[in-house]
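Asks: Position 127, counted from 1, in the sequence shown is what UniProt numbering calls 127; the numbers after and before it change by one each time, with no gaps.
Please keep in mind that the hints were generated in silico from the structure rather than gathered at the bench.
All values reported here derive from a predicted model rather than from experimental measurement.
Just to be clear, a hint being listed does not mean it is correct.
To be verified - Listed below are the simulated DMTMM-like cross-link pairs for lysine to aspartate or glutamate, each with C-alpha atoms no more than 25 angstroms apart in a straight line:
id: 1; residue 1: 78; residue 2: 11
id: 2; residue 1: 78; residue 2: 55
id: 3; residue 1: 78; residue 2: 91
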Amino acid sequence: MTRLTNPQILEARLGDWRVLLNQLATRFRTGDFETGAEFVAAIAVAADAAGHHPDVTLTYPSVAVNLSTHDEGGVTGKDLDLAREISMLAEQRGLVADPASTQSVEMALDTADASEIADFWSVVLTGSPDNVDDDAVTDPAGRVPPLWFQQCEPHEVPHQRFHLDITLPPEEVGPRTEAALAAGGRIGWETRTFRVLEDRQGNRACLCWSAGRNEGD
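Just need the whole structure built from these sequences, with the hints factored in.
Replies: Quick look at the structure:
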């Protein structure tokens, strides 16, 4: 399969779908959880038959679907075919597509040297230094948005006005911290409910845990 360009995807006229960051995305309004669950089951059968599997998110009022061919890094004919099949399954159930409600979020970090800090952020966000590709961190489990590194000139560490909070099971905090330190990080400070980590360039993230929260003084 060959990765398709955006004009080629648009030529397919998939009215239920939108192109977001090298994938097809849509949301179908289901109205209730049981209807959504049955629709997801139907999608699973179609995906297994096609040998191609989307990312599906079931919530109370809707089902969100994202399609891409990962080994091609984008949308291929397999995605177009399965998108048509999923739209047909939705139509059979009277489900309305709401593609305008879709979105995709990335995080970007300004840095003069991505190689110096990429392993740290891969560990902090995914638990492993092995999830860096093309100067971006992508979580294979899909738990966090991708983080990519914006090239900029060297500069002093600014006062951070926003940072990342990563909440973990308590037993994961220690191993994640040790891996971050091994990747060049350092501990800034901590309280009874979070630990501040810094990369080599002073950018910060908080590892958080639930124990100790909302328990009174």
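Asks: Each of the hints needs a verdict: does it hold here or not?
Replies: Status of each hint after checking the structure:
1. At roughly 15 angstroms between alpha-carbon atoms, residue 78 and residue 11 fall within 25 angstroms of each other, so this suggested pair holds.
2. A hinted pair counts as satisfied when its Cα atoms are at most 25 angstroms apart, and residue 78 with residue 55 qualifies at roughly 14 angstroms.
3. With a C-alpha separation of about 20 angstroms, the suggested pair residue 78 and residue 91 falls inside the 25 angstroms cut-off, and the hint holds.
Of the numbered hints stated above, none is contradicted by the structure.
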